[in-house]
Amino acid sequence: GAVVSQHPSRVICKSGTSVKIECRSLDFQATTMFWYRQFPKQSLMLMATSNEGSKATYEQGVEKDKFLINHASLTLSTLTVTSAHPEDSSFYICSARDPDSYFADTQYFGPGTRLTVL
Amino acid sequence: GNSVTQMEGPVTLSEEAFLTINCTYTATGYPSLFWYVQYPGEGLQLLLKATKADDKGSNKGFEATYRKETTSFHLEKGSVQVSDSAVYFCALNTNAGKSTFGDGTTLTVKP
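Protein chains in written order, with the numbering used here: chain A, 1 to 118; chain B, 1 to 111.
No lab work stands behind these hints, which were simulated from the structure alone.
Nothing false has been slipped in among the hints.
Heads up, simulated EDC-like pairs for lysine to aspartate or glutamate below, C-alpha to C-alpha not over 16 Å straight-line: (1) B:98 - A:105; (2) A:41 - B:42; (3) B:56 - B:69; (4) B:98 - A:59.
The task is simple: from the sequences and hints, build the whole structure.
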């Protein structure tokens, strides 16, 4: 099946610094990737939809200047948390769809990135 | 708007017990329905899916049938194992490609 990777798996940073998280589709080209945030024991909250070659579409209430998304190629999307604060600590998960797959509506999820801001 | 309602957890079962996790949905159009499983500290894995009414998705002993008349997609397994302990998410996709997730149900299976 399709594989999506994320890097890093865990990151600890100081308040005020920026952190970049990478999401890669390893064996397919993904024109669309999704970024989610998950709080402990809660469901996934969609933050934004990342479209290759165009600006990301952010969900209501998500600050686009704080969570910068870049989808520069068909296999890579990045999420940069700028000027991170402790309240940004969370589990960030990306997913991607394989448009050429028979199961084109299926999302394949990365393993997640645990961000801790001190 | 679209929504997914899952049975509240946590659910605790003994090994080899029968499992049912209820899921109902509200959506416009004809969504695809999914069950995902999340093990501790990991991302979500697709467990099974169904794309149209009366379809049955199945995988690893788990089953769910797309019931349009009751707008449900209940997850079942005849005999659970300790290794099935995880969080299970019901979700739907619309033509727009976005997914709507339920709140997740934590399953703990005791030996």
